[in-house]
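Novice: Chains A and B, in that order, give the protein sequences.
Okay, so the first sequence: first residue is 569 according to my numbering, each after it adds one.
Okay, so the second sequence: first residue is 4 according to my numbering, each after it adds one.
A portion of the hints provided could be inaccurate.
Quick partial rundown of chain B residues pointing at chain A, CB under 8 Å, derived from the structure [what the hints assert, rightly or not]:
1. H34
2. L41
3. F48
4. I57
5. D59
6. E60
7. F68
8. P77
9. F94
10. S98
11. T107
12. Y109
13. F110
14. G111
Each computed DSS-like pair below joins lysine-lysine, with the alpha-carbon atoms no more than 27 Å apart [stated by the list, open to error]:
15. A:K635 with B:K30
16. A:K570 with B:K74
17. B:K65 with A:K624
The calculated label-pair distances, taken between Cβ atoms and stated as ranges, are [as the list claims (entries may be wrong)]:
18. A:P582 with B:G19: 48 to 56 Å
19. A:Q599 with B:E71: 23 to 31 Å
20. A:Y607 with B:T107: 18 to 26 Å
21. B:G88 with A:Y619: 18 to 26 Å
22. B:E66 with A:E613: 28 to 36 Å
23. A:K679 with B:P42: 37 to 45 Å
24. B:G76 with A:D575: 40 to 48 Å
25. B:Q53 with A:Y619: 35 to 43 Å
26. A:D575 with B:L41: 39 to 47 Å
27. B:S61 with A:S650: 49 to 57 Å
28. B:S61 with A:L614: 38 to 46 Å
Hint data in this document are derived by calculation from the structure and do not stem from the laboratory.
For every residue, glycine included, the Cβ atom is placed at its ideal position computed from N, Cα and C.
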Amino acid sequence: QKEVEQDPGPLSVPEGAIVSLNCTYSNSAFQYFMWYRQYSRKGPELLMYTYSSGNKEDGRFTAQVDKSSKYISLFIRDSQPSDSATYLCAMSAGLTGGGNKLTFGTGTQLKVEL
Amino acid sequence: NAGVMQNPRHLVRRRGQEARLRCSPMKGHSHVYWYRQLPEEGLKFMVYLQKENIIDESGMPKERFSAEFPKEGPSILRIQQVVRGDSAAYFCASSPPEGISGNTIYFGEGSWLTVV
């Protein structure tokens, strides 16, 4: 079993829809949770960063972390064609020396159609 | 405000040659990480370095791969005697010193290695 599970999709939605992306994990030591967006042949771009459980909102994006269920979500409101990309969840338990070793999901491919 | 800079962006090597990938972290960042992304797979951690120190290399293959982050200059990921299975995208990332900005990690645009 992988430490982080993420449905690869592809997920296709109409423009304006609310998108829900999810990851589950098995390592209870994880305490930092991130969502990255990756366009084809580009580097991952940080979208959301949360520490421990709770919700965080930034514009059209909302990240939720439920540590008791080992489940994290990213919601995208009013989705746009420019949101079409692969979304990667990542998490970390932190590292000695202050570093952050991330464990990634395999990514969910999202397509927002006109 | 330059981000994480990686070069070359694309590299083609014949089997048995050496590949050197370079990474300059964001200004003010003291932690550097290397990740590998194989086709249809997620990013896999390889190594975490601070200046002149390898902190965690638990994701590095035991042979042919090495990394350094010297006192001066960029971090280097070196792959000796490349094989076709090394073909992948190699991403460098950096984060600020501990306690600043929550150790947020930023990635470069990647170096795509093709072994022919």
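Novice: When the hints from earlier in the document are held up against this structure, which numbers fail?
Specialist: Failing hints, ascending: 2, 4, 6, 7, 8, 15, 16, 17, 21, 23, 25, 26, 27 and 28.
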